[in-house]
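Based on the provided sequences and hints, a complete structural model is requested.
221 is the number of the first residue of the sequence shown in this note's numbering; add one for each residue after it.
Note that these hints are calculated values from the structure, not bench results.
Please read all numbers here as calculations on a predicted model, not as lab measurements.
Only true hints are included.
Here are the computed lysine-lysine pairs in the BS3-like style, where the Cα-Cα straight-line distance is at most 27 Å:
id: 1; residue 1: Lys1136; residue 2: Lys557
id: 2; residue 1: Lys419; residue 2: Lys376
id: 3; residue 1: Lys585; residue 2: Lys525
id: 4; residue 1: Lys305; residue 2: Lys345
id: 5; residue 1: Lys448; residue 2: Lys525
id: 6; residue 1: Lys816; residue 2: Lys769
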Amino acid sequence: MSSNSFAYNEQSGGGEATELGQEATSTVSPSGAFGLFSSDLKKNEDLKQMLESNKDSAKLDAMKRIVGMIAKGKNASELFPAVVKNVASKNIEIKKLVYVYLVRYAEEQQDLALLSISTFQRALKDPNQLIRASALRVLSSIRVPIIVPIMMLAIKEASADLSPYVRKNAAHAIQKLYSLDPDQKEMLIEVIEKLLKDKSTLVAGSVVMAFEEVCPDRIDLIHKNYRKLCNLLVDVEEWGQVVIIHMLTRYARTQFVSPWKEDDGLEDNEKNFYESDDEQKEKTDKKKKPYTMDPDHRLLIRNTKPLLQSRNAAVVMAVAQLYWHISPKSEAGIISKSLVRLLRSNREVQYIVLQNIATMSIQRKGLFEPYLKSFYVRSTDPTMIKTLKLEILTNLANEANISTLLREFQTYVKSQDKQFAAATIQTIGRCATNISEVTDTCLNGLVCLLSNRDEIVVAESVVVIKKLLQMQPVQHGEIIKHMAKLLDSITVPVARASILWLIGENCERVPVIAPDVLRKMAKSFTNEDDLVKLQILNLAAKLYLTNSKQTKLLTQYILNLGKYDQNYDIRDRTRFIRQLIVPNEKSGALSKYAKKIFLAQKPAPLLESPFKDRDHFQLGTLSHTLNTKATGYLELSNWPEVAPDPSVRDVEVVELAKEWIPPGKAKKENPAKKFYSESEEEEESSDSSSDSESESGSESGEEGDSSEDSSEDSSSEQDSESGSESEGENKRTAKRNSKIKEKGDSEDGEKENEKSKTSSSSNAESSSIEESSSDSESESESEIESKSRKVTKEREKKTKQDRNPLAKDISLLDLDDFNPISTPVALPTPALSPSLIADLEGLNLSTSSSVISVSTPVFVPMKTHVLLHRMSGKGLAAHYFFPRQPCIFGDKMVSVQITLNNTTDQKIANIHIGGKKLPIGMQMHVFNPIESLEPEGSITVSMGIDFCDSTQTASFQLCTKDDCFNVNIQPPVGELLLPVAMSEKDFKKEQGMLTGMNETSTVIITAPQNFTPSVILQKVVNVANVGVVPSGQDNIHRFAAKTVHSGSLMLVTVELKEGSTAQLIINTEKTVIGSVLLRELKPVLSQG
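Below, the structure written as structure tokens:
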């Protein structure tokens, strides 16, 4: 019994396992194996009982243990019947784990899974997106041809699901269905085409993977989605980025002309400079038009550049291969630093990266020469990494760095890793071949290695010396003599064969030594390796032809030994040589040319890199790594001579919108159409505009006008449905419109008269249509419509840059047909005076409105930051601070005030902003140049910087007449916000929509006196530019703001708990900014 329990304990480990083992073995036969089986059976029986229990807690515990078993690689398939019964459980946690189990075993237990197929189909309609997605995954895992139609239907439904997670799983299911039934290809392509239009970053990577699997040749599906994919690329999950980049690399090679022609053109220009005018004219006529890069080509290159900083090695490698294959050669240099960074990763990543660098370094040495030391071998590197680094060092070797590299190689030769030492000797030989200046030095070094104690080092040196001597054999008779002496000590067959070959080739230069070597070899012929025997036969033949007096008998003896050798190659060679060198009656005319055949001049061997022929495979692919075409490899096509029509990538957003405009309203809607089409163009780069999909919801004639005007607003998250709110909104709109109209009339003159005519005529049409469509609407409502449309025209002139944020801040009161644009002024605009801004802001304070509007800052900290120290700036000092005022240069910009001081005793002339190094998307509005700054003088200037809702540094040059200084501005996260005024009710509603991943929280512990309302207010507004939200509870303090660039809400809650603790909660779509703000607020609120 003890032996059985010991055996079980060995198997599973742990006290529970031992106890089970002992219990099992006491009740069954003494067979150890049967005892183990019984205990396992009993363990699974226990789980089955738990799964059949009425308690959800027991079922949940059982499922957790089963999923844990799967994670450890244990087989849990026999529990399938017990688990599948719980697929209809009402407990969401149990249901999730059941689906995890089913996805794993559905393919193995197809029959049982088919019994529950109706349950999976019902789950596809489940309100929980995770359940819908899991059901689709299980359904696609049951690989039975009979359910293909059901899977097809499920995929089509899931592809139109509101949840991007479900749509993502639909894309995954496409690949599974295609592998099960390739006949469904056409229907699947329709689904892929639909999903490619999806704007969710969650879906993009998965659908492109499905595209690559099902129809990689259908490039036409990518045309309309190309720019969207380029713009979404940065936000897609990492593995999706890899797939999309590889696909876009192939796409670019078919749609754009080669950017490498640009370099050729430059070379031609340089040559033409020295030619006569006539020759130059002839060449210019023949020459093609100068190369200009397609904007879409540039878009791809520009949008992939930030991904070189990705933490995922596969993404960096994908971007590197994209730059290598499709970017101009002058721009490919940026990939080298990123690839060298990857060499700090684990050995598997290093191996792949080094292979790709080895291929690149053959064609473009300059890319990696600055990082030569990064490829020096470390003692901890495995052999495969060492040999690849040697390969790269050899490729990068040139006259300038060869002396350094040879010193490095000398160290490597002494390595304990013999395979690596041998590879180093081969590397020295290649360097000697490629760089003629060091050939003699390398040869002398290799000769020194012949006295090494290590036989492998000596043998490899002999082989390399043999190759080098073939290039210039006349000068090195002494080396050959020295190597002949080594025959007595060297036992490695390749080295012995190399020495014999060298002596045979140079037998006329060493006439004394050669016959003696043959004599020694004849003695040991029968004991030699086959490779050595063949070279002995060759040496005998060569000596017979050049020195037959001394070697005739020896040759005959060796030929007789070879005639009866066990190896047939040696027997054949012996017969061949005998007939060739010993003429007799049977031998033909060939024997006359025996000497020419054996002692012909041999070409020197070409020592090439093994990576030379790999560049025809796409870098970073399995085919490139294996150096053979792998299954599923898609070859890169050659660049087209003439670029295909670029207009196929144009997306006609405006044209699609026109289709939904009723004919009778065309004239009336022209101004609004122009207004929104321009704003959509501005937003096109970030793919944030809503196109015809948002407008397609309005199908009736009466909604034609409002659907056009409010298409942008349909993406807003602020929804209001109560009648009182809409009524208050209408009154406020009418009041505001009358104010703005008075100003507009004085400014616009004749143009305004024309607009008013258009407005009145269209108003008549509008009212007649509205009366026929809805009896409940009054004439006053149509007047409101007319006035609000007039405001639109006014705004078109005044606030062209302020449209996108306005659209995002509108509450959805515009769903009412009579009020197409009821937009409170959300952000102060450049054209409006501060007093008018205050008036307009006052209009937003209606208690019945749910509109969220920008308010004035609660507190402006006067803390300044050093931009340029007077010592660094040669007397010019610069400080900056954030005034928390709306920026006059652009509504998406953060206002920055810079104070310049002249601390010298001389004037500083022409102070201005020079070169800018800004991250992608960031923009800067610079101050006007300052002609001169008096000694000890000071001046304050304003700038605007669009930080794109990130704390990235804006780097630029602050220049004077004589100097330029590199300076940086990095914004605190709190300065990227604008305070907003909102009611407690609106705050709670918005907070309810920003939960889950959009919510971050932490617990704060401090003294009770630090939790007074005034202290909390002071601390929060000091850190962040937020507005105070009225609160009906003493223990909860609420603050609200919106990000300057995107207008995303930032909701801050400080909830006081019992004792000296409080909870800090931040709700925002911008999770990165939210977590940074949380980290900054926590220590401030915690300290006394």
